[in-house]
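K.L.:
So you can see what is in the structure, the chains are spelled out below.
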Amino acid sequence: MTALLEIADYRLAFDTFDGTAQVLDGIDLTLEAGGTLGIVGETGCGKSVLARSLMALNPMPPARVVSGQIRFRGSDILGMSDREMRRLRGRAISMVFQDPASYLNPLLAIGTQMEDAIRGQDAAVGERQRPRAAARARAAELLAAVGLPEPARLLDSHPHQLSGGMRQRVLIAMALAGDPVLLVADEPTTALDVTVQAQVLALIARLVAERGLALMLITHDLGVVAAACARVAVMYAGTVVEEAATADLLSRPLHPYARGLIAAVPDLDHPERRPQGIAGSIPSLITPPRGCRFHPRCPVATERCRSEKPLRREILPGRSIACHHATP
Amino acid sequence: MLGYLLRRIGLAGLMLFGLVCLTFVISNVAPSDPAALAAGPDAGRSQIEQARRDYGLDKPLPEQFLRYLTDLAHGDFGRSIATGRSVGTDLARYFPATLELVILAMALGVLLGVPLGVLSALRKDGPADHATRIFAVSGIALPPFWFGLLLQLAFATWLGLLPTSGRLSVFTEPPPPITGLLLVDSLLTGNFGLFREALSHIILPAIVLSLPCLASILRVNRSEMVEALRMDYVTAARAHGVTPWRIVMVHALKNAMLPTLAIIGLRWGWMMSSTVLVETVFDWPGIGLYAVSSAIAGDFKPVMGVTLIVGLNFMIANLIVDLLYGVLDPRLRRA
Chain A
1 MTALLEIADY RLAFDTFDGT AQVLDGIDLT LEAGGTLGIV GETGCGKSVL ARSLMALNPM
61 PPARVVSGQI RFRGSDILGM SDREMRRLRG RAISMVFQDP ASYLNPLLAI GTQMEDAIRG
121 QDAAVGERQR PRAAARARAA ELLAAVGLPE PARLLDSHPH QLSGGMRQRV LIAMALAGDP
181 VLLVADEPTT ALDVTVQAQV LALIARLVAE RGLALMLITH DLGVVAAACA RVAVMYAGTV
241 VEEAATADLL SRPLHPYARG LIAAVPDLDH PERRPQGIAG SIPSLITPPR GCRFHPRCPV
301 ATERCRSEKP LRREILPGRS IACHHATP
Chain B
1 MLGYLLRRIG LAGLMLFGLV CLTFVISNVA PSDPAALAAG PDAGRSQIEQ ARRDYGLDKP
61 LPEQFLRYLT DLAHGDFGRS IATGRSVGTD LARYFPATLE LVILAMALGV LLGVPLGVLS
121 ALRKDGPADH ATRIFAVSGI ALPPFWFGLL LQLAFATWLG LLPTSGRLSV FTEPPPPITG
181 LLLVDSLLTG NFGLFREALS HIILPAIVLS LPCLASILRV NRSEMVEALR MDYVTAARAH
241 GVTPWRIVMV HALKNAMLPT LAIIGLRWGW MMSSTVLVET VFDWPGIGLY AVSSAIAGDF
301 KPVMGVTLIV GLNFMIANLI VDLLYGVLDP RLRRA
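Chains as they are written, first to last, in the UniProt record's numbering: chain A, 1 to 328; chain B, 1 to 335.
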């Protein structure tokens, strides 16, 4: 049986004025139907670009696919025409975005935006667009499903009248409109108040469980991954450096970068252990370091790391590391 | 929304008062002596003084201003000193000609400028974008009188397709005015021959007048559309499956129309005043031509009247734009 989503040797470059940035450098990831995968990494490591790739939302140009495949249910998304891609958007793959304030149109009522999405999805699969009233009824149903009170009144509201948490719920409701099988959530809680973050995360986890959705959750917050994802991939400068079951990674990270990330999280049980930062900063993707992209910041780097790029290999069942020095 | 409306209208009232003050000042700083003009070229000192008293020009300025205000409040724009005709009557005769020209020019500007702006934003840096850019830059750069003469030469003299000047042929009896707009009046009375004739007269001046307006609407709309299409909400709309047509024509264009509307409002007032050049070239009997001939004669009342009308147009256009902003942007409706 083929996996729901298979990303194989995916390389994406951005052509900029300063040169070509190798933003994604050979990504290999697999997600089964109903599986949950967290992608963690620092800002600029390429995790959002990867998420957008799944829906062909990166602007091309400047983005350019260098190599690889992204197979969704066996067919390669990268080779799809815009028309074919539109059949998937919303109906098969949906996305929840980072900042709900900027991802909702400020001038259109919530109802209009939802109806447009619902009817647009009808058109994309070649069906007759359902009447506005039917789309509106469906929109109200979706708003109720994400726990928003008074859906009918909400449909007539504009985004500025809603709180951040409500806006994010609206965006989640819109993402569910076409009953997708894969939900891509790009930092869905980052822009929210801390108290609302937990609610929104719980909502996403509930919807994923109830509807049997596969989830790819992009975040820089290990706590979010721990709460919502069975597996986690750690990204650094456009590469996946470690992929493992979430519990394994959190308790015993093996890649030096993953170890650094975990050490940077304050330990509330042992407040005397100060969080440790990772020395240095993320490298330029236009002139990335030779060999392992992490070697300039790596405490265990050797001569080999400077010249030879480590390939990710499975060193334990279900656990793979891209490091010359990794041991089980 | 009501609070927003009242605030805007209140603001417009204040502006109107400022405008009236300004026109009054203009009339009093003008170097010519209106009393001497009224008394005629051969008048002696006593006759000039008599005329000064007749027109109330010997009174202190505050009193004159008060009288000007009361007259305006009664719809009285005063009398032309040179012709003795009521300025209000003159304006009623000449303003519809200018209004018709400006409406048509604005219609051309919006109906071509907005779609071309959208098109060039969608084809950014493509051949269509470059073509509209060249068109827009020339539209702003070409002097209207020169461009007008060129069109007259091409379409009237060489091709013989269109007349060079006036609203109608000199042999045509103008119809009794209903709205004063010939295109509208001829349609209202079902006189299609007259409509054709009026259209053939107005088309060249309207094109010349609209070109800078069209160009600036096009450029503003293009850059706003480029901006809007890059926004997160457009990315989200694509991800959610909204049709491309709806994304461009509703989700992005509605946002791009806000700044475009501001330009449209400004251009309306601008065309009212810059119609002078076009009216002169095409001998179009509007307020521009009226103001110029009065100013040359040193006749200040008509100039004041025209200034007031043009200023009013600026104000009303901007008031309408402000109200449309409130309709388009729900964030502004909060009182």
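Bear in mind the hints are in silico, worked out from the structure with no lab data behind them. Mixed in with the good hints there might be a few duds.
As the list claims (entries may be wrong) - Label pairs and their calculated CB-CB ranges:
#1 A/A209 x B/L6: 51 to 57 Å
#2 B/A92 x A/Q161: 43 to 49 Å
#3 B/M15 x A/A134: 33 to 39 Å
#4 B/A107 x A/R73: 50 to 56 Å
#5 B/P115 x A/D179: 52 to 58 Å
#6 A/G280 x B/A262: 34 to 40 Å
#7 B/L328 x A/S67: 58 to 64 Å
#8 A/G126 x B/R230: 53 to 59 Å
#9 A/G79 x B/L323: 48 to 54 Å
#10 A/P62 x B/D283: 42 to 48 Å
#11 A/R73 x B/L323: 50 to 56 Å
Said to hold, decoys possible - So the derived list for chain A, only partly shown, Cβ under 10 Å to chain B, looks like this:
#12 R11
#13 L57
#14 N105
#15 H160
Unchecked claim - Chain A stretches covered by chain B per the calculated footprint, using a threshold of three residues with CB under 8 Å from any CB of chain B:
#16 94-103
#17 121-131
#18 210-218
#19 320-327
Just so it is clear, CB atoms sit at the ideal spot from N, CA and C, and this is done for glycine as well.
K.L.:
Are the hints correct? Go through all of them and say.
P.N.:
Evaluated hints:
Restraint check, A/A209 to B/L6: a C-beta distance of roughly 53 Å satisfies the suggested window 51 to 57 Å. For B/A92 paired with A/Q161, a C-beta distance near 47 Å keeps the hint of 43 to 49 Å intact. For B/M15 paired with A/A134, a C-beta distance near 48 Å fails the hint of 33 to 39 Å. The supplied range of 50 to 56 Å is met by B/A107 and A/R73, whose beta-carbon atoms lie about 52 Å from each other.
In this structure the hint that B/P115 and A/D179 lie 52 to 58 Å apart at CB is violated, the actual value being about 37 Å. Between A/G280 and B/A262 the beta carbons are some 48 Å apart, a value that contradicts the proposed interval 34 to 40 Å. For the pair B/L328 and A/S67, the supplied restraint of 58 to 64 Å is violated, since their beta-carbon distance comes to about 46 Å. The hinted range of 53 to 59 Å is not satisfied by A/G126 and B/R230, whose Cβ atoms lie roughly 29 Å apart.
Between A/G79 and B/L323 the Cβ separation comes to about 50 Å, which falls inside the hinted range of 48 to 54 Å. Between A/P62 and B/D283 the C-beta distance comes to about 55 Å, which lies outside the given range of 42 to 48 Å. At roughly 51 Å, the beta carbons of A/R73 and B/L323 sit within the given window of 50 to 56 Å. The criterion of a C-beta within 10 Å of any C-beta in chain B is not met by A/R11, whose closest approach is roughly 22 Å, and the hint is violated.
Checking A/L57 against chain B by beta carbon gives a least distance of about 6 Å; that is within 10 Å, so the hint holds. Against a cut-off of 10 Å between C-beta atoms, the interface hint on A/N105 holds, since the closest Cβ of chain B lies about 4 Å away. Hint status for A/H160: holds, given a least beta-carbon distance of 5 Å to chain B, under 10 Å. For a cut-off of 8 Å, the count of residues in the stretch 94-103 of chain A with a CB near a CB of chain B stands at 6, and the three-residue condition holds.
Counting residues of the stretch 121-131 of chain A whose C-beta lies closer than 8 Å to any C-beta of chain B gives 3; at least three are required, and the coverage claim holds. Counting residues of the stretch 210-218 of chain A whose C-beta lies closer than 8 Å to any C-beta of chain B gives 0; at least three are required, and the coverage claim is violated. Judged by the Cβ-Cβ criterion of 8 Å, the stretch 320-327 of chain A is not covered by chain B as claimed, because only 0 of its residues qualify and three are needed.
When held up to the earlier numbered hints, the structure conflicts with 3, 5, 6, 7, 8, 10, 12, 18, 19 and fits the remainder.
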